Amino acid sequence: MNTLFADEVQIAQETSAGSIPFEGAVIRVNALDWSQIRKDLDDQGSAVLPSVLSADECKAIASLYPEESSFRSRVVMGRHGFGRGEYKYFSYPLPPIIHGLRTALYPQLAPVANRWNEAMGIEVRYPESHADFIQRCHDAGQLRPTPLLLQYGPGDYNCLHQDLYGEHVFPIQVAILLSDPQRDFTGGEFVLTEQRPRMQSRPEVVPLHQGDAVAFAVHHRPVQGTRGTYRVNLRHGVSRLRSGKRHTVGIIFHDAN
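Letter 94 of the sequence shown, counting from 1, is numbered 76 in our numbering, and no numbers are missing.
Keep in mind that the hints were calculated from the coordinates and are not lab data. Be a bit skeptical, because a hint or two may be false.
With a straight-line cut-off of 25 Å between C-alpha atoms, the simulated DSS-like cross-links for lysine-lysine are [claimed, not checked]:
hint: 1; residue 1: Lys21; residue 2: Lys227
hint: 2; residue 1: Lys227; residue 2: Lys41
hint: 3; residue 1: Lys41; residue 2: Lys70
Listed next, with one range per pair, are the computed distances between beta-carbon atoms [as the list claims (entries may be wrong)]:
hint: 4; residue 1: His191; residue 2: Gly219; range: 41 to 49 Å
hint: 5; residue 1: Gly210; residue 2: Gln26; range: 17 to 25 Å
hint: 6; residue 1: Pro32; residue 2: His62; range: 15 to 23 Å
hint: 7; residue 1: Arg224; residue 2: Glu186; range: 27 to 35 Å
hint: 8; residue 1: Met181; residue 2: Ser51; range: 42 to 50 Å
hint: 9; residue 1: Gly210; residue 2: Ala37; range: 43 to 51 Å
hint: 10; residue 1: Glu5; residue 2: His191; range: 18 to 26 Å
Please read these numbers as outputs of a predicted model, since none were measured by experiment. Positions of the beta carbon are idealized from the N, C-alpha and C atoms, including for glycine.
Use the sequences and the hints to build the structure in full.
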């Protein structure tokens, strides 16, 4: 664990959010086949990270939703034209399991982010540790935490969008499905679209099981074409839930203005 938020994690451990063990999730993240994940990100703009969370961890995180003390704000999507459903942004201190995932995932994804920026001619480079990157965000006035917990019911959906939040944006984010599509809900597929220059958009539906995560491009990524590298624009969303209830946790690595 890095030292930047060590005090915050200690505080969180004194709350009900802190009762969720996080060491197992961090071990699973580090044991993933990251060479294949990075290849999938380069090839498709997304990659499945299987079994990042156990069923018990998924249920424990989803059960935080009613606890107002864990969050800084609640967004009802329909009020803003975002879709239907709602989500809440976690407050600092983050629950230790959310902090642990954010901290463990970032250094595995930073090499991809740096390679993408280099290929697209973007000068920004990302440090090895998430604490250093968050310090960069905070120095620029991006102080509000962005990890979030989403809740969908029948008929709910999330319009295609991008999670940018400020000048400093880490170009990859992660969503983890907390509900069981075999038991808890139907519909509600994770959807990506890729806008390619002078071509029609390419859709991608990413099937997930409970505890699986998907890493995907926040905004754009490089693609190698016959005339060199070009930039494609990505958006993500969730299709209409047909029945049941669906919870997802989103791990965004930059903080917000």
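Going down the list of hints, with the structure as the test:
A hinted pair counts as satisfied when its Cα atoms are at most 25 Å apart, and Lys21 with Lys227 does not qualify at roughly 33 Å. Simply put, Lys227 and Lys41 have alpha-carbon atoms about 12 Å apart, close enough for the 25 Å limit, and the pair holds. In summary, the hint linking Lys41 to Lys70 is supported, as the alpha carbons are separated by about 16 Å, within the 25 Å threshold. One distance hint, 41 to 49 Å for the beta-carbon pair His191 and Gly219, is violated here, with the actual separation near 20 Å.
Checked against the given bound of 17 to 25 Å, the beta carbons of Gly210 and Gln26, roughly 20 Å apart, stay inside it. Separated by about 33 Å at the C-beta atoms, Pro32 and His62 break the suggested range of 15 to 23 Å. With their beta carbons about 20 Å apart, Arg224 and Glu186 fall outside the hinted range of 27 to 35 Å. Distance hint check for Met181 and Ser51: the Cβ-Cβ separation is about 48 Å, which falls inside the suggested range of 42 to 50 Å.
At about 46 Å, the CB distance of Gly210 to Ala37 agrees with the hint of 43 to 51 Å. Range check, Glu5 to His191: Cβ separation about 22 Å, and the 18 to 26 Å hint holds.
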